[in-house]
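Asker: Which chain is which? The protein sequence lines are V and U, in order.
Start counting the first sequence at 77; every next residue gets the next number (the working numbering).
Start counting the second sequence at 3; every next residue gets the next number (the working numbering).
Honestly, the hints are just simulated from the structure, not real lab data.
A portion of the hints provided could be inaccurate.
Stated by the list, open to error - In silico DSS-like cross-links for lysine-lysine, where the CA-CA straight-line distance does not exceed 27 Å: (1) V:Lys480 with V:Lys531; (2) V:Lys211 with U:Lys112; (3) V:Lys78 with V:Lys130; (4) V:Lys409 with V:Lys444; (5) V:Lys251 with V:Lys196; (6) V:Lys196 with V:Lys175; (7) V:Lys355 with U:Lys134; (8) U:Lys113 with V:Lys211; (9) U:Lys101 with V:Lys211; (10) V:Lys444 with V:Lys480; (11) U:Lys134 with V:Lys196; (12) V:Lys211 with U:Lys7; (13) V:Lys178 with V:Lys401.
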Amino acid sequence: MKQVLLIDFGSTYTKVTAADLETREILGTAASYTTVETDINEGLEKALAKLFDKTGEIDFDARFACSSAAGGLKMISCGLVPELTAEAAKQASLGAGAKVMKVYSYQLTEGDREEIEALKPDIFLLTGGTDGGNKNNIIANAKMLAASKGDFPILLAGNRNAADECRRILEEAGKKVIVTENVMPRFNELNIGPAQSKIREIFLERIISAKGLSEASQLISGIMMPTPAAVLTAMELLSKGTESQSGWGDLIGVDVGGATTDVYSMSYGEPNGVNTVIKGLPEPYAKRTVEGDIGMRYSAQGIADAAGIPVIARLAGLSVEMTEKLLKQISEKTDTLPETEELAALDFALASQAVKIGMTRHAGTIEKVYTPIGETYLQEGKDLRNAEKVIITGGSLIHAERVKEIGANALYDVTQMQSLKPVKAEIIVDEKYILSAMGLLAQHAPDVALDIMKKELVTHGIAE
Amino acid sequence: MENKKKLVIGVIGADVHAVGIQILDHAFSDAGFDVTNLGVMVSQEEYIAAATEIDADGIMVSSLYGHGELDCRGLREKCNEAGLEDILLYVGGNIVVGKQPFNEVEARFKKMGFNRVFGPGTPPEETIQCLKEDLGC
């Protein structure tokens, strides 16, 4: 295996990256519109033609692909208590690269059932109860799902003592059921790996063909995974390194898109100080959160709602009236490019706030509590103050002006002292948009992928 | 595992006394209970969330810093709201401020919905005996 093609079927663009495994470098990248409605290969062929214009014809030894086309991997997850199994189920789905449309807790109602039917998930993740714990809830939910219309597969990852009965109820109703280990086998013990590998399997077996991607799979030698899972894999490799090469240690990734903002952290996020008590579910080392209301176009209004129009206007150096007018314009015409000075200024303000809001929601928090024997700290979520790298990726940011300033919004802020964000970090930009490609390559040649990332990701200096 | 009675234990409120709860964890586990230990500074909501997921038979509340009365108020009502109407609630430790007659303290906590109330210095064996009686095991 010498020359490899890495393909990312995005919702809008099909991006191709050619890599040489011997020289360990990127030969070229190109993109064209995704054509999932007709034949997905059309877009791919066009992107390849563009690539070959730059590199000359390449006879690839292997082709690997990831996809977020046709809505990505749409999942609904369901647990018992919102902060416990429902949260674990959500973490499992997000970490597997899914778009989580809805998270339910406690017992599903008739109304929920109708909502699930309307949402038409690709996979339903059903959890609830620790092993040997609550059975009634998951069984009631299995009955509700058994009565639902739709042929989505149901992944059972709840109380193992209820699994047989749930499976029977669902299979008798003609549902496809896959059983795996509990996402929370004991109280506060997160076990999302087995559910995530099942999600990957279901994605490969069922979802690819259902989404019209199987025509492409004939051309592709291997593994297809959802794009966010590929990005997560790349970041984890970059953080941990391989057996022969060290990684970069704790790091953060931010991907601000048109509709959503994804934040990744590679860190255990354990407390830094003494006298700190941790609350809540343990955090996965590789964590992904998605903010559905924060994005540069479809969710531009969401940024303004969260940050406040005056803040956006001040950052952009525009009047409040102008800001409101432009916001309306870009939310309606989502393919607007920042071609005027005002639009570029607005994009800068929106991106800065998107990074800030996304990161604040992702990072853990700390609270000082006075107890009869002195000060104590309560930590929830990850302490990311010591993470030293912030990687910026995503089409709307990697070519932006002042990207270092935008990225610096991910850092610790004295006005939000309770939020455990990095104190000082290098802002690194994925300028060639190679992270998902490197996540794919990491499955086959991790050392090469790591080398290429270290070479191709561009530092914009240290911010604090 | 399925046959063991399940207990949620923890130190309530802003109380950080971490040693006693470990002793209780060992004592209850050795006596054959399946123990979920929430540690220190446990809120009422955390006890209820844990008890719901593990389908607990009892919640054992510890308090050593004297503010137990304030911290425990409303726990039974919240359990009822959460569908844990039948759960056994015990409380023990230095649960009130100062030296008050224990029978008065006990009466106040029983009125708050606790099934059993234990004063300072109760040996774990006594609590275990009560658990066996109340849970029929």
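Asker: Are the Cα atoms of Lys480 (chain V) and Lys531 (chain V) separated by 27 Å or less?
Answerer: Holds. Lys480 (chain V) to Lys531 (chain V) sits at ~19 Å (cutoff 27 Å).
Asker: Do the alpha carbons of Lys113 (chain U) and Lys211 (chain V) lie within 27 Å of each other, as the hint requires?
Answerer: violated, 31 Å
Asker: Hint check: Lys444 (chain V) vs Lys480 (chain V), CA-CA at most 27 Å. Holds or violated?
Answerer: Violated, at about 32 Å.
Asker: Does the alpha-carbon distance linking Lys251 (chain V) and Lys196 (chain V) stay inside the 27 Å limit?
Answerer: holds, 14 Å
Asker: Hey, Lys409 (chain V) versus Lys444 (chain V), does the alpha-carbon distance stay inside 27 Å?
Answerer: violated, 46 Å
Asker: Would you mind confirming whether the straight-line C-alpha gap from Lys101 (chain U) to Lys211 (chain V) stays at or under 27 Å?
Answerer: violated, 44 Å
Asker: Compare the distance between the alpha carbons of Lys355 (chain V) and Lys134 (chain U) with 27 Å, and conclude whether the hinted pair is satisfied.
Answerer: violated, 31 Å
Asker: Would the pair Lys134 (chain U) and Lys196 (chain V) pass a check requiring their Cα atoms to be no farther apart than 27 Å?
Answerer: This hinted pair is violated, its Cα atoms lying about 49 Å apart.
Asker: Regarding the pair Lys178 (chain V) and Lys401 (chain V), is the alpha-carbon distance no greater than 27 Å?
Answerer: violated, 32 Å
Asker: Would you check the hint for Lys211 (chain V) and Lys7 (chain U), treating anything up to 27 Å between C-alpha atoms as holding?
Answerer: Holds: Lys211 (chain V) and Lys7 (chain U) sit about 15 Å apart, inside 27 Å.
Asker: Check the hint pairing Lys196 (chain V) with Lys175 (chain V) against an upper bound of 27 Å on the C-alpha distance.
Answerer: Roughly 12 Å separates the two Cα atoms, so the pair holds.
Asker: Given the hinted pair Lys78 (chain V) and Lys130 (chain V), is their alpha-carbon gap at most 27 Å?
Answerer: holds, 19 Å
In terms of the numbered hints stated before, the structure departs from hints 2, 4, 7, 8, 9, 10, 11, 13, listed from lowest to highest.
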